[in-house]
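Could you put together the complete structure from these sequences and hints?
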Amino acid sequence: MILTTRGLTKAYAGVKANTDVDFDLPAGQTRAIIGPNGAGKSTFVGMICGRIPATRGTVTFDGQDVTALPAHKRIERGMAYTFQITSVFPGLPVRENVALAARRGLGRNKAAVRAKTDEVLSRLNISDRADQMAGDLSYGHQRILEIGMGLAQEPRLFILDEPTQGLAESEVEEFNTLIKTLDAETTILLIEHNMNVVMEVAEYITVLDQGMVLANGTPQEIRANTAVQEAYLGSGHA
Amino acid sequence: MSDTGKTHGLHFGLIGLLALAYFVLPAYHSGNLASVMVIAIYAMGYNLLFGYTGLLSLGHALFFSAGLYGLGLTMHLADWTPLPAFAAGLIAALVVSAVIGFLILRTTGVAFMIVTLMFAQAGYLTILYFGKYTRGDEGFALQQASRQIAGYDLSDPGVRYFCALVLFSVTLLGLAYMIRAPFGRTLVAIRENEERARMLGYNVTAIKLKAVIVSGVVSGASGATYALLFGYAGATFATVQYSIFPLLWVLVGGAGTTVGPFVGALFMFYLIDYASGKTEAYLLVVGVTLVLVTLFLPHGIVGTIRTRFLRWLP
Chain A
1 MILTTRGLTK
11 AYAGVKANTD
21 VDFDLPAGQT
31 RAIIGPNGAG
41 KSTFVGMICG
51 RIPATRGTVT
61 FDGQDVTALP
71 AHKRIERGMA
81 YTFQITSVFP
91 GLPVRENVAL
101 AARRGLGRNK
111 AAVRAKTDEV
121 LSRLNISDRA
131 DQMAGDLSYG
141 HQRILEIGMG
151 LAQEPRLFIL
161 DEPTQGLAES
171 EVEEFNTLIK
181 TLDAETTILL
191 IEHNMNVVME
201 VAEYITVLDQ
211 GMVLANGTPQ
221 EIRANTAVQE
231 AYLGSGHA
Chain B
1 MSDTGKTHGL
11 HFGLIGLLAL
21 AYFVLPAYHS
31 GNLASVMVIA
41 IYAMGYNLLF
51 GYTGLLSLGH
61 ALFFSAGLYG
71 LGLTMHLADW
81 TPLPAFAAGL
91 IAALVVSAVI
101 GFLILRTTGV
111 AFMIVTLMFA
121 QAGYLTILYF
131 GKYTRGDEGF
141 ALQQASRQIA
151 GYDLSDPGVR
161 YFCALVLFSV
171 TLLGLAYMIR
181 APFGRTLVAI
191 RENEERARML
201 GYNVTAIKLK
211 AVIVSGVVSG
221 ASGATYALLF
231 GYAGATFATV
241 QYSIFPLLWV
251 LVGGAGTTVG
261 PFVGALFMFY
271 LIDYASGKTE
281 AYLLVVGVTL
291 VLVTLFLPHG
301 IVGTIRTRFL
311 RWLP
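Listed in order, the protein sequences are those of chains A and B. The opening residue of the first sequence carries number 1 in the numbering used here; numbering runs sequentially from there. The opening residue of the second sequence carries number 1 in the numbering used here; numbering runs sequentially from there.
Careful, some of the hints might be misleading.
Below, simulated DSS-like cross-link-like pairs (lysine-lysine); rule was C-alpha separation at most 25 Å, straight line [what the hints assert, rightly or not]: (1) B:K132 x A:K73; (2) A:K110 x A:K73; (3) A:K110 x B:K278.
Far from chain B, by Cβ distances over 12 Å, these chain A residues were calculated [what the hints assert, rightly or not]: (4) G7; (5) Y12; (6) H72; (7) T82; (8) G91; (9) E96; (10) L124; (11) R129; (12) A130; (13) E162; (14) T177; (15) V198; (16) Q210.
Chain B stretches covered by chain A per the calculated footprint, using a threshold of three residues with CB under 8 Å from any CB of chain A [stated by the list, open to error]: (17) 177-188; (18) 200-212.
Since the hints were derived computationally from the structure, they do not count as laboratory data. All residues carry an ideal CB built from backbone N, CA and C; glycine is no exception.
Okay, structure coming up:
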């Protein structure tokens, strides 16, 4: 297991966003977390990557307890995180955005940083926009850039919080293709609302409802799970 | 020419121009220019934190005076020679900025501004409290006889000018190098989007602390240089006014540009010089000019040139 949580709980002034979440993610898997709005998905991954301090419970990453570590130390150990609301460096060129992500791990090795940056830019087909300010990019390209910033870190666990939100249909297709090519390289943890994306890319699905794990299973199993249908998909989708 | 080439051209061109200016300008103006170069060091130190890291401090007079008194007191009370005293000034600024930085970085935004202001005010009151040694507002002069390095008399206008130029150049080139290096890029990243920088794995608090320390030491170097070259240290330099000055210089010249602090300091110096020669109400003239500059040049002089014409400006 690359990631394990035990009893992970977050309470905001007594209201529980997550209650005793036990979660196991084997290395190499592409896992989707789904659930209705307010199910505690973002809070849960926030506690995994350290943005949100857990009220109680433990997070184990790559065999080590990281519960007490601040976010930047967890990222340093091989997590990468993309925000639900696009978060890039708007006043810096696209190239520098990616380079900043690559540089943290590669340090002062300029050639390696440049090579990694070029590789990521061309992989995402945004090389021609490398010198534009990130803030001037379209929304879709900013999302792609943020994924690029994740890739540049060569993460062992790549956490994506609703990456396809607000993307056009064609961009979603490209995203699916990208995630499938990444599948062999890293472990992916994906929060996603778009069921087409989930069913297409996820190998395994965890359903959260009211802050608790409702079900775990393959896409087929989740599709067939009546409790999930009631809680989330609704009869119209079933 | 590459942007790096142009940047070097700009910096070395400015330094060359300043060297030339000494031989061309009348004594009055070269004397002014020596002062401007020293305060521009202060402005550059401030700019690292404000312009590049995005932290607005209202308490930099504390770091400036740490350098000023670090050199001034060791020379005045302990009869140190200028070089060890200058080192004492830098160390004083280093210690003060490290301790204060550790404390103030627990706050952000408006709270950060207020806390820096308060610490600077506490520093000012401390200088007054130890008036027996510091002589408070009245201050003390450093004897001309003690202000000598290797036989050069630092009160001599020519020596003073070139001493100021050397320190100005070292600071300009050093900081320009730093902001292009990975460390400087990270500062800009923090300014642009702190949370994103943290979630790329950067230890934002530690990096900001380093920025406060570098900024504080450079400001302290300016204070020490000022006391050494002009032979005076007084508590006025620790007042809130001297915390506001670098902010104005940087805003007018262009925050986050390498030569903006110098341009802003030069502009403000001559604005005050000119206006105070014309009218008693010179601060009114200064105020109106600042309002106009802010309205029409929101990125400052150099910043606006960069936005409109020369995108490559560092």
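Are there hints from earlier that the structure breaks, and if so, what are their numbers? 1, 3, 6, 7, 8 and 9
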